[in-house]
Amino acid sequence: MPTVNIELFKRTSPARKIEIIRNLTQVELAGISEETILRIVKEVGRRNSGTRNYEFYIHPDRRTGNRWNSEVEGLWLYKGKLHVMVYIQLDHTDCEKTVPYDDFFRKEEYRGAVIREDRYGNPQTCYYVYDEKDKAEVIRSICLEYIHTKYKSKLNR
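Everything in the sequence shown is counted per my numbering, starting at 3 for the first residue and increasing by one.
Some hints here could point you the wrong way.
Mimicking SDA-like on lysine to any residue, the simulated pairs with C-alpha atoms at most 25 Å apart in a straight line are [to be verified]:
#1 Lys44 - Pro62
#2 Lys99 - Arg65
#3 Lys83 - Val101
#4 Lys135 - Lys81
#5 Lys81 - Leu40
#6 Lys12 - Lys81
#7 Lys44 - Asn55
#8 Lys135 - Ile20
Pairwise CB distance ranges (calculated) [to be verified]:
#9 Ala17 - Arg48: 21 to 29 Å
#10 Arg108 - Thr53: 22 to 30 Å
#11 Asp133 - Glu36: 13 to 21 Å
Calculated directly from the structure, the hints in this document are not laboratory data. Where is the CB? At the ideal position from N, CA and C, for every residue including glycine.
When you get a sec, could you build the whole thing from the sequences and use the hints?
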């Protein structure tokens, strides 16, 4: 199969593209380049008025996470740099955090931390971890959201 970076933008039917994305292996998903993700964000992301910044949100039905305490909400292009928006569910509250794309999608597992105060004012550190499999599923959900957003009218027929 040709590279996904090219196949994603070819003139094929949206249903065929969805089938291709769903059948990708973890290694093929990890091979999707940052330039491809950047093109996805620029093509279907919402542009903030008066700026060159884009927001690309993943539909809640297609969001994936680490199957424990967090999920990726979308991508944010801010001042030319990609960031991953992560929603973290903590013990008694939740929060959102933006992580640089390069840090999140490194070859090893990503271990993020959130420092919150408990009810007594003591700092508590909460961790969230994404391994290679989790990051591949995040890439899959980004690609699927791209297809569903760009070809919405063709898929609803």
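Now the hints, each set against the structure:
At most 25 Å may separate the alpha-carbon atoms for a hinted pair to count; Lys44 and Pro62 meet this at roughly 20 Å. Between Lys99 and Arg65 the CA atoms are separated by roughly 16 Å; this keeps the pair inside 25 Å, and the hint holds. Proximity of Lys83 to Val101 is assessed by CA-CA distance (about 11 Å); at most 25 Å being required, the pair is judged to hold. Straight-line distance between C-alpha atoms of Lys135 and Lys81 comes to about 29 Å, which puts the hinted pair past the 25 Å bound.
Of the supplied pair hints, the one linking Lys81 and Leu40 holds, its CA atoms being roughly 12 Å apart against a limit of 25 Å. Taking the CA atoms of Lys12 and Lys81, the gap is about 28 Å. The hint is violated against a cut of 25 Å. Restraint check for Lys44 and Asn55: the C-alpha separation of about 9 Å stays at or below 25 Å, so the hint holds. Taking the CA atoms of Lys135 and Ile20, the gap is near 19 Å; set against the 25 Å cutoff, the hint holds.
Hint check: Ala17 to Arg48, Cβ distance near 25 Å, so the stated range 21 to 29 Å holds. The hinted window of 22 to 30 Å between Arg108 and Thr53 holds, with their beta carbons roughly 28 Å apart. Taken as a hint, the range 13 to 21 Å holds for the pair Asp133 and Glu36, whose Cβ atoms sit roughly 19 Å apart.
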